Amino acid sequence: MRQLTVLALSWAILAGTAAHSSTAATAEDTTDPHAAHRQMAENRQLQRSVIAYKVPELQLVRDDGHTVSLEHELDDGRAVVLNFIYTACTTICPLSSQVFSVLQGKLGAERSKVHLVSISIDPEQDTPARLRAYARQFHAGAGWQHYTGTPHESIVAQQAFGAYRGDKMSHLPLTLLRPAGGGPWVRLDGFASADDLLAEIRGFDSLAASR
Amino acid sequence: MDCRVLIGGLLLWSALALAGPVERPTPVADTGIGKAIYRTGHLPDGKPIRAQREPAMSISGSTAACMNCHKRSGLGAREGQTAIPPIAGIYLFHPRAGTVDNLDLPFVEGMKPDRDPYTEASLARAIREGIAADGKPLFYLMPHFALDDAQMTALVAYLRQLSPTQMPGVDNTTLHFATIVTPEADPAVKQGVLDVLTRFFDDKNHYTRSQGPRMQSSHRMMFKVNRHWQLHVWELSGSSSGWEAQLRARLAAQPVFAVIGSTGGSHWEPVHRFCEAAELPCLFPVIDAPVNDPNDFDNVYFSGGVRLEAALMAHDLLGRGALRAGTRIIQVYRAGDVGEEAAPALRHDLPATVHVVEQRMSAGTGKTGLHAALAEARPGDVLVLWLRSADLAELGPVPPGVRVVYLSARMGGLEDAPLPADWRALARMAYPFDLPDRRRVQVDYPLGWFRLRGIPVRAQQAQADAYLGCVILSDTLNHMVDTFVRDYLVERIEATLGHRVLTGYYPRLSLAPGQRFASKGGYLVHFSGLQGDRIVADTDWISP
Chain B
2 MRQLTVLALS WAILAGTAAH SSTAATAEDT TDPHAAHRQM AENRQLQRSV IAYKVPELQL
62 VRDDGHTVSL EHELDDGRAV VLNFIYTACT TICPLSSQVF SVLQGKLGAE RSKVHLVSIS
122 IDPEQDTPAR LRAYARQFHA GAGWQHYTGT PHESIVAQQA FGAYRGDKMS HLPLTLLRPA
182 GGGPWVRLDG FASADDLLAE IRGFDSLAAS R
Chain D
66 MDCRVLIGGL LLWSALALAG PVERPTPVAD TGIGKAIYRT GHLPDGKPIR AQREPAMSIS
126 GSTAACMNCH KRSGLGAREG QTAIPPIAGI YLFHPRAGTV DNLDLPFVEG MKPDRDPYTE
186 ASLARAIREG IAADGKPLFY LMPHFALDDA QMTALVAYLR QLSPTQMPGV DNTTLHFATI
246 VTPEADPAVK QGVLDVLTRF FDDKNHYTRS QGPRMQSSHR MMFKVNRHWQ LHVWELSGSS
306 SGWEAQLRAR LAAQPVFAVI GSTGGSHWEP VHRFCEAAEL PCLFPVIDAP VNDPNDFDNV
366 YFSGGVRLEA ALMAHDLLGR GALRAGTRII QVYRAGDVGE EAAPALRHDL PATVHVVEQR
426 MSAGTGKTGL HAALAEARPG DVLVLWLRSA DLAELGPVPP GVRVVYLSAR MGGLEDAPLP
486 ADWRALARMA YPFDLPDRRR VQVDYPLGWF RLRGIPVRAQ QAQADAYLGC VILSDTLNHM
546 VDTFVRDYLV ERIEATLGHR VLTGYYPRLS LAPGQRFASK GGYLVHFSGL QGDRIVADTD
606 WISP
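Quick mapping for you: the protein sequence lines, in order, are chains B and D. The first sequence begins at 2 in the numbering used here and counts up by one. The second sequence begins at 66 in the numbering used here and counts up by one.
Bear in mind the hints are in silico, worked out from the structure with no lab data behind them. Do not take every clue at face value.
[Said to hold, decoys possible] Just a few of them, taken from the derived set where beta-carbon distance is under 10 Å, the chain D residues facing chain B:
id, residue
1, 124
2, 202
3, 389
4, 390
[Stated by the list, open to error] Restraint ranges, calculated between C-beta atoms of paired labels, are given here:
id, chain 1, residue 1, chain 2, residue 2, range
5, B, 75, D, 389, 37 to 45 Å
6, D, 143, B, 153, 49 to 57 Å
7, B, 53, D, 490, 51 to 59 Å
8, B, 200, D, 115, 25 to 33 Å
9, B, 75, D, 490, 25 to 33 Å
10, B, 51, D, 413, 44 to 52 Å
Treat the numbers as computed from the prediction; the structure is a model and nothing was measured. Where is the CB? At the ideal position from N, CA and C, for every residue including glycine.
Pulled out of the complex, with its shape left as it was, chain B reads as follows (with noise of 0.2 Å):
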């Protein structure tokens, strides 16, 4: 009976992801300019909100070997895009820290203004040596650290931006952003590409510049 349960549960899945592929808009169906990019946005799942997360007082270890508090780590007067990832993930985080390597060659001359922060989820695993490795890979430039610690730090930090799904293996995929100095943040939940975070850095700046 237990498998009949597990099947028909799997059909209403099954039907539930056909629902979705029908709303999105194919591009011959509309005259709307915007039309494809929208699809695109949709095709990518993204999910923009704004909350204040409060960072937890917290220490990790940053890929140079270093034991370092979060909360500074993330006040240092330089906007903060946020990822979490594992270095042996071979789906969503090197998309993720691809777009991140993509962003810091954007940023140009602003890259000194922006920091991006990745953490790990898999931290057992994820040494300080094996993230610089990683960080190589992508070609991570000044600006962009990595980080680890205990299992249990990990989790908070996780669990600090409602990231936390249980097991690495359950991650999504979920981009955070905040201006420098402070303030809400930016959630974008599903695939953000490299525009779409160089549009809220520049939203950002221009919040500030009408402060």
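Given the coordinates of chain B, assemble chain D onto it according to the supplied hints.
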């Protein structure tokens, strides 16, 4: 004959037939090229394949391998909330099935039975341009691959033959498993583990086998036949050089779906290599010196064993500054035991400047050999004892001036290591398990199970591991419904192990691509209490 195979064959045939005039028969393609593209993202000549999601986001080579997302089985996976669909042939080419009653494919999570079947042409378009069979864009995670026609033909041919078919070791009534026993297995461990495996299989067959009709959702789909679990004990003989041939003969004579809870000693490499070559899952063997190769897939271990202990010791020696200029490290071990694997590992984990001396004793020299080896220690030396409990009990007096002693929990018997009192006061043990107080509830469960069934506890940790391995195998197979594919078994364990609540001797278990040791660290502990019969952690959990 399994009805699935027949249906699969019919589906394949009908997909080709439906394609009719526009579809030419599949040319004979070299699946070696397809396999290389699928698994490695390279062509057999080493040239990387290229793909991109957006103009600025190109990937190539191993990061573009199909297997990264769709898995080696081709049955897909779940990545968070993203269901990555199966791309093994029958899932791509099966005709549209509108309702669950028409579902006639082995169940996997991301399957889309209500989609029009792909043709060779529409599949090529999907792979190159990211357009699904129905003309809609595929999910963003799917890159667009730059493959020429020959490469595409080879890849599609590979996808076709990737389809789940009748797996060796599985028939309509029975699931066959093996456990491998090498001549090096400790007799108590071997007997204790075999007791657990045999009883687990008996229980499984007693509780789940029903005489009633098969469960089925329709006249076509039959699933979850209550198959009998049969265990085959493959006892090897002679020297390790002959084991691989013996294993090949055993597998040929009696195909099995997977290997579970095997036992052995210092030579595990031949068994490990055999399982990789045969692409046969070799799950949770109860051994002290597993093989560590991040490129391997089929061998899954609970822990890194004595090599992990060596790494813990090295971490501790370097971290606490126990190594002064001129400090010697003396490693004592027996020929033919796993200390022979552990000692070079510790040497490797220490800087080349550290003076490491090895005292390798012949196997049968008893107390005399042991005392002769220890007599080499000079004041200030660090002693590392890769010794079994029989040797630990016979250590005699501590050599004069020796203040630092390390020993192996796995070899010495964990907290029950029979160390003489003055050794006990000095000893620091590498302990790649959860601490006794914390794991009590976890381990009480298998102990109660053993007690109820009258299974003697001969080697508690080994037997608890064997039990946990069986439970993981059983749980995973339950969730696989009827999709008996060896690679898929390993992939499901990899994906779900981190969610387990009952983790036996280990604080947590998890795997990932390239991770084949489920528990990744340990403590350094010392003996405490009035009788020295308690252990206390000197460190946090360390993952070296």
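Structure-based check of each hint:
Contact between residue 124 (chain D) and chain B, as hinted, is supported at the beta carbon level, the nearest pair being about 7 Å apart and thus within 10 Å. At about 6 Å, the closest approach between the beta carbon of residue 202 (chain D) and any beta carbon in chain B falls short of 10 Å, and the interface hint on this residue holds. Annotation: residue 389 (chain D) was flagged as interfacial toward chain B, and the flag is violated, the nearest CB pair being 23 Å apart, outside 10 Å. The closest approach between the C-beta of residue 390 (chain D) and any C-beta of chain B is roughly 24 Å, which is over the 10 Å cut-off, so the hint fails.
The supplied range of 37 to 45 Å is met by residue 75 (chain B) and residue 389 (chain D), whose beta-carbon atoms lie about 41 Å from each other. Under the hint 49 to 57 Å, the C-beta atoms of residue 143 (chain D) and residue 153 (chain B), about 26 Å apart, miss the expected range. Between residue 53 (chain B) and residue 490 (chain D), the C-beta spacing of about 55 Å keeps the proposed range 51 to 59 Å intact. Our hint of 25 to 33 Å for residue 200 (chain B) and residue 115 (chain D) holds, since their Cβ atoms are close to 28 Å apart.
At roughly 47 Å, the beta-carbon separation of residue 75 (chain B) and residue 490 (chain D) lies outside the given 25 to 33 Å, and the hint is violated. Distance hint for residue 51 (chain B) and residue 413 (chain D): a CB-CB separation of about 51 Å, consistent with the stated range 44 to 52 Å.
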